[in-house]
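Undergrad: Residue numbers (the working numbering), protein chains in the order written: chain B, 1 to 417; chain R, 418 to 511.
Since the hints were made in silico from the structure, they are not lab data.
Even glycine gets a Cβ: it sits at the ideal position worked out from N, Cα and C.
It is possible that some hints are incorrect.
To be verified - So the derived label-pair ranges between C-beta atoms look like this:
| no. | chain 1 | residue 1 | chain 2 | residue 2 | range |
| --- | --- | --- | --- | --- | --- |
| 1 | B | K290 | R | G468 | 30 to 40 Å |
| 2 | B | E208 | R | H435 | 27 to 37 Å |
| 3 | B | R226 | R | G468 | 38 to 48 Å |
| 4 | B | P357 | R | D453 | 11 to 21 Å |
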Amino acid sequence: MTRHYSVFSLFKEGLRGQKGWQQAWRSPQPKPRYDILIIGGGGHGLATAYYLAKTHNIRNIAIIEKGWLGGGNTGRNTTVVRSNYFFPESTALYEMALKLYEGLGRDLNYNIMLSQRGIITLAHSEAEMEMAARTVNAMQINGTDAELFGIDDVRRVLPLLNVSPQARYPVFGGVWQGRAGTARHDAVAWGYARAADRLGVDIIQSCEVEDFLIEGGRCRGVRTSRGEIRAERTGMVVAGHSSHLATKAGFRLPITSYALQACVSEPIKPVLDTVVLSPGTGTYASQSDKGEMVVGGALDRVPSYGQRGNLPVLEEVVSGLLEMFPSFRQLRLMRQWAGIVDVTPDSSPILGESPLPGLFLNCGWGTGGFKAIPAGGTLLAHLLATGKHHDVSRPFDLDRFSRGRLIDEAAGSGIAH
Amino acid sequence: MQLFPCPFCGPRSESEFHFGGDAGNHRPEGFRTVTDGEWTAYLYERNNPRGAANEIWMHMTCGEIFRMERDTVHHRVAQSFALGEGDGHDGMAY
């Protein structure tokens, strides 16, 4: 059986009619007891299991997923990876993720199709240019790459952009992060799943949590649609459904769940080789390797668990795209969808032990979870293995809300909501 | 486009409304005796239910604040109410 992916394996299998490939991961029956249990088989959950096995050498681990791997927000995002945040705590977190993404294909032996094509966040006025300069300074001081772009630089990277002074949102320049880009979202989930499975992690799909097993005031595992599964420590990595499970565990979270939409156009020849975000129109876009324009924007303003998205926001996003690129007017939309995102008051994630001892949280990523997958996995793995915070995750503990130490990226980096 | 029922104006487009938080999230009384935990619960913790929800909304067009019961999965609205005597504080964290 061929396990390793390489050009030689491909050649060898080519001679054998591609019949010798081993399946990427097993589908085991759940065991009654594990050392560590992870709820949620999205990118963060799979990455957590992988780093637990690889870095901390804990192999008796299971991931339970109510649907299928990467079927939630991991498969619904717009695949952008970047670390252009404002506060030092955030840069440490998202830069950890971006650095891990840079070596992830080799680490997992799986092509995640990372394309560091750069992201430009546009500035639409002189005042916004001053804020852009502030952001660039903060990013450089915090140790990540950033460049202040003037209008000529923007024209160079976005030849199709409407930069007319008569535009609804005239363009003055923007913040450029060259190491940002896109990665294939499904490949990130599948790559982590395959690598974790090879280290002995049980990945159990179609297994929904019904309740927590709470004994002596501690979380001892969960009752699922496929029976009881016990574990010393449990990690909850369920994004938009965090509040729903937290209720079962007996606590509330500073989270509101909203639908975040995205859509793709029909595929066209290459016209956009970077990621562009306009805070003015509230729209961002990139072009996929297949040629589709991948378009996203702000949250629906109605709290929701329905993975559909509403029309007013879709209209805003699409009209924003046409403001920026009038030539896209002739494109037809091919698909539209939504994921349920877990928005915190400061738009920063929550990492740490929950109010129920033995249950650990990785949630609150809101609109930006995909870019953070390798870091979220690394940090939750550290928490689950050691019971203690990593230096990078400490500021993101749930206690920041009672201590008044919010990391307000909603204001700092101007995330659109 | 969904229509939400404003108790004062009738059914109006969802884009005219602003979400104001959980109904019944009253500001803790007794400024100096309120614990950190109570402030945190009031300011930050949310019910965020999957399914039946009981929420405060503002109809921005008429400026009225009211209570709405709806479902967060299929978005069907059960009913909306003008805030009555028993509702106390409107629950919005200003």
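Undergrad: Can you let me know if the beta-carbon spacing of B:K290 and R:G468 is within 30 to 40 Å?
TA: holds, 37 Å
Undergrad: Per the hint of 38 to 48 Å, is the separation of the Cβ atoms of B:R226 and R:G468 within bounds?
TA: With Cβ atoms ~23 Å apart, the hint is violated.
Undergrad: B:P357 and R:D453, beta-carbon distance inside 11 to 21 Å?
TA: holds, 20 Å
Undergrad: Within 27 to 37 Å: is that where the Cβ-Cβ distance between B:E208 and R:H435 falls?
TA: holds, 34 Å
Hint compliance for this structure: hint 3 is the single one not met.
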